[in-house]
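Starting from the structure of chain A, add chain B where the hints point.
So the protein sequences, as listed, match chains A and B.
Sequential numbering of the first sequence, starting at 1, is according to my numbering.
Sequential numbering of the second sequence, starting at 1, is according to my numbering.
Think of the hints as simulated: they come from the structure by calculation, not from any bench.
As the structure is a prediction and not an experimental result, all values here were calculated from the model.
Hints should not be assumed to be uniformly reliable.
[Claimed, not checked] Only pairs whose alpha carbons sit at most 27 Å apart, straight line, appear in this in silico DSSO-like list of lysine-lysine:
#1 Lys115/B - Lys31/A
#2 Lys216/A - Lys191/A
#3 Lys138/B - Lys430/A
#4 Lys6/A - Lys418/A
#5 Lys50/A - Lys210/B
#6 Lys435/A - Lys138/B
#7 Lys184/B - Lys435/A
#8 Lys149/B - Lys92/B
#9 Lys46/B - Lys435/A
#10 Lys212/A - Lys191/A
#11 Lys234/B - Lys49/A
#12 Lys253/A - Lys418/A
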Amino acid sequence: MLGKLKWGIHPETHKTPTEEKTIESNALPLKVILPVSQHIGTPSRPIIKKGDVVKKGQLIAEGSGPVSSNIHATLSGKVAEVSERPHPIMGTCLAITIENDGLDEWAEDVLTERDWQNLDNAEIIQIIKDAGIVGMGGATFPSNVKLSPPKDNKIDTLIINGAECEPFLTADHRMMLEHSERIAVGILILKKVLGLENVILGIEDNKTNAIKVMDKALAGTNVKVMAIPTRYPHGAEKILIRTILNREVPSGKLPMSIGVVVQNVATAVAVCDAVRNGIPLVERIVTVSGSAIAEPKNLKLRIGTSFAHAVEQCGGFKVTPEKIIMGGPFMGVTQYTTDVPIIKGTNGILAFTKEEIQCGPQSPCIRCGQCLKACPMGLNPSMLSILGERSFAEEALNEYHLLDCMECGCCAYVCPAKRRIVHYIRYSKKLSAQKGGQ
Amino acid sequence: MVIVIAIIGVMALVGLFFGLVLAFANKKLAVEMNPLIHVVEDVLPKGQCGACGYAGCQAYAEAVVLDKDVSPSLCIPGKKAVSEQVAKLTGKAAAEIEPQYAFIKCCQPAVGNNKYDYSGINDCLAATLCQGGPKECKYGCIGLGTCVKQCVFDALQINENGLPEVDEEKCTGCGKCATACPKKVIAMIPAGSHVSVHCNSLDTGAVVRKICKVGCIGCGVCVKQCPYSAIIMKDNLAVIDSSICMDKCDNSVCLEKCPSKVIRTYKISLPEIKNAV
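The following block holds chain A by itself, in its conformation from the complex:
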């Protein structure tokens, strides 16, 4: 099953600065900024106004439309503003700013202990939906949508993603070591909702301690813990499914179409908290690392905390960083300010010095084929980048399967000409969407 892997890359993991460090939760920020768009799908609709007093866990923006998600206050205090604020992915976005009153009080209707084994599935899905849980691995797809597949898709396998293949990030790794019990409960809840027997937790084999801990936590259940080879991008769901089940997700389809649902370990924790303890999604684990950070750490932070506050918790910047990234170095998004808040999908904040960043001028493609070997989706990144350079989006779309690219960045990593292949591909995608929309 785990044959020799011919795709992907094996970059230096850079996980040592934080993988031994326990998750810390320090001083609360003075304010949190909660963008209404923290997930894939329609933005949420704010239901509070400026001046309102809110408590931790109170619903402040509700999902609108079938693919959307609720947002809760992550601090108790006063709503200072509902305005356009910097957003880590979209540039700017409507956001609710809450000033901390220092009390950190929970809202009354949350924190209800439930016996999840006696709840029926529709109830559990409703709880997950109300708690605003989205895919915590970074893609932020609303979890309740994944858990209610259309009737004609028979789901037979649940894969829990503990691969964490991006360099530097150790948030999921620490989560597995320190909160294995919550993960185990979360997995069992997800398993019950989907009503299936076959559950596999995939963990990359460079995290042997996590594999052991999870094995122990899941003893007595029929959840299998599987060590998968360390290879980037193993955390991408389509790749994980291929490695574990040897099934291929058809082009343009979701894993649901081949009977698989993939959930991240951090999502399992959020599900456990929401269903068992009634806690909505208000905080998450973030790895703060990179050569410009004085003391890299894994932090438990309230959603909406600014990057500046998170970096402060880690002793600030050693030197002025050249580049700050939200997420991993491959698929993360570069930031232009530390005023941006942590959103539901922020698994890391990385700050790099100039020496660490490879940013030379690009040269023409020499068609060496390195990127073809590296591409986990079996695409032709070389040709896609050349078509992008010439704005031939239609050809890229129809003949080179443009939309199958998940922008993992393996091609740009191996490219000896330092071509911005992923940028070209994203440009082509945007261009073809624009043309299609006209």
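Frame of chain A; chain B shown alone:
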């Protein structure tokens, strides 16, 4: 000698055979084409700009000749002259074409007003993928020249401020640049407009003040001052109805009253344009 004659004979027969086949095919498989299409196509300016809504000049020629509902006045670059000629050839009535020009609704220099250094692909659309583009103002011109690349008439150029500049003599008003601009900074305005708002920002005045010295702050002074009610405020941005302006106004008070001087005269004056057309 006999061999030579035989070869010539055989070749002649083969030639005759294929000639007959071709003659037959020419008659039998001929594609009926209205000769008028070629005549109309010759009249069109051949910029292949697509402003008419068809794939190119030939496609439009075909449509206008064969379909009686297609207007003969769709060719914007061709202006009145082409419209009249096409109308005459196809026996339709020419509609009035308002000559229009591309106009860049931003005058904040593209250099020195950025929130980060952009080093990616040299294209505005590609730049907008990175946090909406490097420019501090999210409505402003990024200045990487996507419009310049689109212009088939060579009417756009990036000036020393890093902003595109329209050469009104070359601009045919096809609107290709306006479609390509990811920030929708380019508007098509009727030739002869006295004044226009050189700003595209829908931000509130306070935000604009912070990031731009030459942005519309939405104060509404121009709306109050205009004696002909040609200016309205829409989403914090002054919008001028050029037709009222052109018809009635000969003393543009809005120009002096605008506190941030975003309402400016348009470069080419009315008589010059009339002569050009």
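Given hint Lys210/B paired with Lys50/A - CA-CA distance at most 27 Å: 23 Å, holds
Given pair status - Lys430/A, Lys138/B, alpha carbons within 27 Å: 18 Å, holds
27 Å limit on alpha-carbon distance, applied to hinted pair Lys212/A and Lys191/A: 21 Å, holds
Given hint Lys435/A paired with Lys46/B - CA-CA distance at most 27 Å: Roughly 23 Å between the alpha carbons, so the hint for Lys46/B and Lys435/A holds.
Lys149/B paired with Lys92/B [C-alpha distance capped at 27 Å]: Violated - the C-alpha atoms of Lys92/B and Lys149/B are around 35 Å apart, more than 27 Å.
Proposed proximity, Lys138/B with Lys435/A (alpha carbon, max 27 Å): The hint holds at about 22 Å.
Restraint check for Lys6/A with Lys418/A, where alpha carbons must lie at most 27 Å apart: Holds: Lys6/A and Lys418/A sit about 22 Å apart, inside 27 Å.
Restraint status (C-alpha distance of Lys115/B to Lys31/A at most 27 Å): Judged against 27 Å, a Cα distance of about 23 Å means the pair holds.
Restraint status (C-alpha distance of Lys184/B to Lys435/A at most 27 Å): This hinted pair holds, its Cα atoms lying about 15 Å apart.
Straight-line alpha-carbon gap Lys253/A to Lys418/A, limit 27 Å: 31 Å, violated
Straight-line alpha-carbon gap Lys234/B to Lys49/A, limit 27 Å: The given pair, whose Cα atoms are some 24 Å apart, holds under the 27 Å limit.
27 Å Cα cutoff - pair Lys216/A, Lys191/A: 18 Å, holds
Violated hints for the displayed structure, listed by number in ascending order: 8, 12.
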